[in-house]
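Asks: We have chain D; now place chain W onto it with these hints.
There are 2 protein chains.
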Amino acid sequence: MALIVHKYGGTSMGSTERIRNVAKRVAKWARAGHQMVVVPSAMSGETNRLLGLAKELSPDLTTPELQRELDMIASTGEQVSVGLLAIALQAEGMRSVSYTGWQVPIETDSSFTKARIQRIDDQRVRADLAEGKVVIITGFQGIDPDGHITTLGRGGSDTSAVAVAAAMKADECLIFTDVDGVYTTDPRIVAEARRLHTISFEEMLEMASLGSKVLQIRSVEFAGKYRVPMRVLSSFTPWDIAIDEEAKSGTLITYEEDEKMEQAVVSGIAFNRDEAKVSVLGVPDKPGIAYQILGPVAEANIDVDVIIQNVSHEGKTDFSFTVHRNDYARTMELLKSTVIPKTGAAALSGDTKICKVSIVGIGMRSHVGVASKMFAALSEEGINVIDEKYMELAVRALHKAFEMDLPPA
Amino acid sequence: MALIVHKYGGTSMGSTERIRNVAKRVAKWARAGHQMVVVPSAMSGETNRLLGLAKELSPDLTTPELQRELDMIASTGEQVSVGLLAIALQAEGMRSVSYTGWQVPIETDSSFTKARIQRIDDQRVRADLAEGKVVIITGFQGIDPDGHITTLGRGGSDTSAVAVAAAMKADECLIFTDVDGVYTTDPRIVAEARRLHTISFEEMLEMASLGSKVLQIRSVEFAGKYRVPMRVLSSFTPWDIAIDEEAKSGTLITYEEDEKMEQAVVSGIAFNRDEAKVSVLGVPDKPGIAYQILGPVAEANIDVDVIIQNVSHEGKTDFSFTVHRNDYARTMELLKSTVIPKTGAAALSGDTKICKVSIVGIGMRSHVGVASKMFAALSEEGINVIDEKYMELAVRALHKAFEMDLPPA
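These protein sequences, in sequence, are chains D and W. Count the first sequence with our numbering and you get residues 53 to 461, in order. Count the second sequence with our numbering and you get residues 53 to 461, in order.
This is chain D alone, in the form it adopts within the complex:
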């Protein structure tokens, strides 16, 4: 008998028919003798519907007071899900009980719409498990020290599931999703993309931070911190698939580096179309210039990703960095009004049609020549800076160059 956490995404919970299938799958695991905790997301489309209503009432939703109300509203999507799943499980003849974030409680800080989990009290859940109940806990949400409802931000249900698994010292946390595991890259772009049976925690973290949408990055960080055994697998297999087969499917995230992994130099290719590039041209190359440019950007709460400072020429340099596309207009405005006059830069340029392609693999540590092989592959295709329209071509070229379509030797 093991203690198992299942997490189901919004697509898996998208209709009563699908919720019934989730219940049957969970019941199968419970009947096999496991103690089960389930963390479902809101029914697909529900969170957007709720936030859409809020936006109709106020175009600006940025103050803490407004964000508190957003969390009050958005958290109901998961509350409906857990209640429905508990009913579906009882209709299957199982005992079950659902809890919201505040009922467990899942304690967070007070950063509304992007709160961080600080502590999970597992007493109530353990008592129910001991009585033979399946316990269903809302993802995505918690309660702050003042008793306000908080949410963890988009994809937060992954984090909730892993955090619950860590708090309960679960034997495994299974993330059921609409893909059947972690791939070398997005199979919709590279037909030869291959599913990985295992991926190291560090590689998964890289993949997530570089734009892979399979797992939310904070859930991977959480899993790493507490070394939670975590598996990504499909919720679209028939619910009555043999449990032994299901338990070995998908992609397992591992914490020990074994020999096999050492052999794979590059495990995956991640990409990201959400960024925009900003360049400050002809800026005097003095110590502290990077801070003069990036300080005001950071103060405006704009996250900077890649930073490139060109070689200086006659005491002047070009300084480029990337930001999220949603922050592009605000960044350009900020640079124009404050940074340009203060630094004496010659000009400003920007590009929203860029993308970022990254290769991922812990094997790169001990292998030279990965970067040169990457640029060689791109130059063979005539790709220089990766304009958005060449992104898919670039990903396919790299996938082939690193022989990622072949299983590891």
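These are calculated hints, taken from the structure and not from any lab test. Hints are supplied without guarantee of correctness; some may be wrong.
To be verified - Straight-line Cα separation of at most 25 Å, PhoX-like style, residue types lysine-lysine; simulated pairs:
1. D/441 x D/452
2. W/80 x D/107
3. W/107 x D/185
4. W/107 x D/107
5. W/166 x W/80
6. W/107 x D/76
7. W/107 x D/80
8. D/408 x W/76
As the list claims (entries may be wrong) - Calculated Cβ distances over 10 Å to all of chain W for the following chain D residues:
9. 246
10. 297
11. 337
12. 439
We put the beta carbon where it would ideally sit given N, CA and C, even for glycine.
Replies: Only chain W this time, still in chain D's reference frame:
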């Protein structure tokens, strides 16, 4: 400066456009210097949508475990409403904060889907009011001693509003609804129905218990127990109607009987199409026979309304009573299988096409002849037992006979 509670029904909260109007109306009252607490219902249709999802998953939802989950689900409708209204108020430039039942907290017993309020802690609300915030509280729900979410049953938001008003010792509780007050009878049936400017608490209680849908009966009981000044008025007047005019509109529920009220012998006519009649025929007329028939019915949790025992004839009598139509089939089954054999009754008959028409008025106490006038009016129209199809005719005939279309002298 007064402390005022506003309650808005589901129709008033039915769209973001309407929520914006509610916010403007509340803001008008707050800007006039009042401390404002608002209790809104779920957006119209939302509670039915949520319960519909639950029913798709389980045809039977009667166990306490399932009803607990129903409350988990249904309570989200009001949670969304309070968050949206708080946002709308902030968009109007007001400070506001929303609370769920468990956050206030509104403490109830553990009767899921029909819980009763036991205690309301007003500390948190008072602190916010003192800071100049409009406080918005979910109707319909509370928290039980074990930290489970409970709901108060259909129309429970009226009860929540009155209970909050009682706990806060509010100066007035305004129930905004889709009718503009309490009428002598339903204006959709009698065109001459007249709005009452005041109605006594006892009459309102009668009207509610006899089928008038304007206010939920438990909210009226609560108002009476704590003598909460309560007014029913329209939410469909323009939001910017002068506050002095609005404050005097609708129908005020009063607790003192003044002379004017004494003059109105009959204040209203209530009716109800939800009942069915059951008759046990030719039952031996012995002491305890009523208990032998009604005991098993009560044990099966079936509410009995009107009871009629006919004059005994040769030691036998006919015993009739009414139950809710939803309980009709179950009642007939129960009588057939247990009561008939035990009492030796000759036969059983039933009628689901009946209705109940009642006349209401505290003035009846000191006036004789009301019942005879009622039956005279009905017999003039040739109405004997009120078959459902004659109900509207009966209500119109009584409304005219008691001159209820004329303002009180």
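Asks: Is it true that the CA of residue 166 of chain W sits at most 25 Å from the CA of residue 80 of chain W?
Replies: Answer violated: residue 166 of chain W to residue 80 of chain W is near 34 Å, above 25 Å.
Asks: Take the C-alpha atoms of residue 80 of chain W and residue 107 of chain D, compute the straight-line distance between them, and say whether it is at most 25 Å.
Replies: holds (23 Å)
Asks: Just want to verify: residue 439 of chain D was marked as not at the interface with chain W; is every Cβ pair farther apart than 10 Å?
Replies: With a cut-off of 10 Å, residue 439 of chain D remains clear of chain W, as the shortest Cβ separation is near 40 Å.
Asks: What's the verdict on residue 107 of chain W and residue 76 of chain D, does the C-alpha distance respect the 25 Å limit or exceed it?
Replies: holds (17 Å)
Asks: Does residue 80 of chain D lie within 25 Å of residue 107 of chain W when you go C-alpha to C-alpha?
Replies: holds (23 Å)
Asks: Verify the proposed pairing of residue 107 of chain W with residue 107 of chain D, using a straight-line Cα cut of 25 Å.
Replies: Violated: residue 107 of chain W and residue 107 of chain D sit about 31 Å apart, past 25 Å.
Asks: Does residue 246 of chain D really sit off the interface, with its C-beta more than 10 Å from all C-beta atoms of chain W?
Replies: holds (38 Å)
Asks: Could you check that no beta carbon of chain W comes within 10 Å of the beta carbon of residue 337 of chain D?
Replies: Given that every Cβ of chain W is farther than 10 Å from that of residue 337 of chain D, nearest at about 47 Å, it holds.
Asks: Decide if the proposed pair is consistent with the structure: residue 107 of chain W and residue 185 of chain D, CA atoms, cutoff 25 Å inclusive.
Replies: Holds, at about 22 Å.
Asks: Is the straight-line distance between the alpha-carbon of residue 408 of chain D and that of residue 76 of chain W 25 Å or less?
Replies: It is violated: about 47 Å lies between the C-alpha atoms, which goes past 25 Å.
Asks: Given the hint that residue 441 of chain D pairs with residue 452 of chain D, does the C-alpha gap stay at or below 25 Å?
Replies: Since the Cα atoms of residue 441 of chain D and residue 452 of chain D sit roughly 19 Å apart, the hinted pair holds (cutoff 25 Å).
Asks: Can we trust that residue 297 of chain D is non-interface, i.e. its beta-carbon lies farther than 10 Å from all of chain W?
Replies: Nearest chain W Cβ is 27 Å from residue 297 of chain D, so the label holds.
Hint compliance for this structure: hints 4, 5 and 8 are not met, and every other hint is.
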